Amino acid sequence: MGYLNSVLSQSSQVHADDAPVSGGGLSQNGKFSYGYASSPGKRSSMEDFYETRIDGVDGEVVGLFGVFDGHGGARAAEYVKQNLFSNLISHPKFISDTKSAIADAYSHTDSEFLKSENTQNRDAGSTASTAILVGDRLLVANVGDSRAVICRGGNAFAVSRDHKPDQTDERQRIEEAGGFVMWAGTWRVGGVLAVSRAFGDRLLKQFVVADPEIREEKVDDTLEFLILASDGLWDVVTNEEAVSMVKPIQDPEEAAKRLMQEAYQRGSADNITIVVVQFLANEEESSNSGSG
Numbered sequence: 001m002g003y004l005n006s007v008l009s010q011s012s013q014v015h016a017d018d019a020p021v022s023g024g025g026l027s028q029n030g031k032f033s034y035g036y037a038s039s040p041g042k043r044s045s046m047e048d049f050y051e052t053r054i055d056g057v058d059g060e061v062v063g064l065f066g067v068f069d070g071h072g073g074a075r076a077a078e079y080v081k082q083n084l085f086s087n088l089i090s091h092p093k094f095i096s097d098t099k100s101a102i103a104d105a106y107s108h109t110d111s112e113f114l115k116s117e118n119t120q121n122r123d124a125g126s127t128a129s130t131a132i133l134v135g136d137r138l139l140v141a142n143v144g145d146s147r148a149v150i151c152r153g154g155n156a157f158a159v160s161r162d163h164k165p166d167q168t169d170e171r172q173r174i175e176e177a178g179g180f181v182m183w184a185g186t187w188r189v190g191g192v193l194a195v196s197r198a199f200g201d202r203l204l205k206q207f208v209v210a211d212p213e214i215r216e217e218k219v220d221d222t223l224e225f226l227i228l229a230s231d232g233l234w235d236v237v238t239n240e241e242a243v244s245m246v247k248p249i250q251d252p253e254e255a256a257k258r259l260m261q262e263a264y265q266r267g268s269a270d271n272i273t274i275v276v277v278q279f280l281a282n283e284e285e286s287s288n289s290g291s292g
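Using the working numbering, read the sequence shown as starting at 1 and increasing by one per residue.
Wrong hints could be hidden among the right ones.
What the hints assert, rightly or not - Once the Cα atoms are required to be at most 25 Å apart in a straight line, the calculated BS3-like pairs of lysine-lysine come out as:
| # | residue 1 | residue 2 |
| --- | --- | --- |
| 1 | K247 | K115 |
| 2 | K99 | K164 |
| 3 | K218 | K247 |
| 4 | K164 | K205 |
| 5 | K31 | K115 |
| 6 | K218 | K99 |
| 7 | K247 | K99 |
| 8 | K93 | K42 |
| 9 | K247 | K93 |
| 10 | K164 | K31 |
| 11 | K42 | K164 |
| 12 | K31 | K218 |
Hints listed in this document are in silico derivations from the structure and should not be mistaken for laboratory results.
None of the values given here were measured: they were computed from a predicted structure.
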């Protein structure tokens, strides 16, 4: 049923000028549930995409979740949504060396998108904040400024880093590649782009790479839930506030909708897209121990 829900959810991807959408599903092994909510917000166009997918690889139930925030149009974000996870799970080392498979899939997806862009005269790009669940491992891979936050032991922890051009190491990498960072309302690569890593962005590719930072977390009885969201949420809601809002809500779809509505009410000027993954076995264990 989880796989069916996941397939159905993919067909409801929001496009430009659509009303907010939401949905969710449950893994067939009962270990996690997920929900999503996505809205253009105050923008007239929609450049956010999301993916929620449950699959089987070598007998393992695999959860794949992503938020993709496009810029320069929706082309890059839509392409990454449609291709990244398929490229990942078809990688021969997906189970045996998941981190290298993720890095390869990001690189391959970026290269293939850039090839498909040869006839376009305007650069498009996208962030990608993704979470891959394999067994008792949670791997978070990030490019750009969409963010992943977990609740572990009741506390909020960022498990990705926003890639901004003014970060010391990012600025150094860009300058060593022959680029520059300058202030134009905010810090920008080449005075143009406010993220230092992204898919696409052909004209800035030498500096704006799609190399993900990957972090692995153990799925155990202290891990309660995960939030993936575009900066339409994080611009106006802190990590701690987001975790506090999700904590009392059992249904991850309702949790995602709550965060989306809060961001809108706080004046977020961007598209808003949120995926929440709840780790169910841990809820049962914590309630059995009397702490839930």
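So, going through the hints one by one against the coordinates:
Restraint check for K247 and K115: the C-alpha separation of about 43 Å exceeds 25 Å, so the hint is violated. Among the hinted pairs, K99 with K164 is consistent with the structure: their alpha-carbon atoms are about 23 Å apart, no more than 25 Å. Between the alpha carbons of K218 and K247 the distance comes to roughly 20 Å, so the proposed pair stays at or under 25 Å and holds. As the CA atoms of K164 and K205 are separated by approximately 15 Å, the hinted pair is consistent with the 25 Å bound.
Of the pairs offered as hints, the one joining K31 and K115 is violated, with about 39 Å between alpha carbons and a cut-off of 25 Å exceeded. Pair hint K218 plus K99 holds up; C-alpha atoms about 14 Å apart against a cutoff of 25 Å. This hinted pair does not check out: K247 and K99 have alpha carbons roughly 29 Å apart, beyond 25 Å. Of the pairs offered as hints, the one joining K93 and K42 is violated, with about 42 Å between alpha carbons and a cut-off of 25 Å exceeded.
For a cut-off of 25 Å, the pair hint linking K247 to K93 is broken: about 35 Å separates their Cα positions. Of the pairs offered as hints, the one joining K164 and K31 is violated, with about 35 Å between alpha carbons and a cut-off of 25 Å exceeded. The suggested pairing of K42 with K164 holds, with an alpha-carbon distance near 23 Å, which does not exceed 25 Å. At most 25 Å may separate the alpha-carbon atoms for a hinted pair to count; K31 and K218 meet this at roughly 14 Å.
Checked against the numbered hints above, the structure violates hints 1, 5, 7, 8, 9, 10; every other hint is satisfied.
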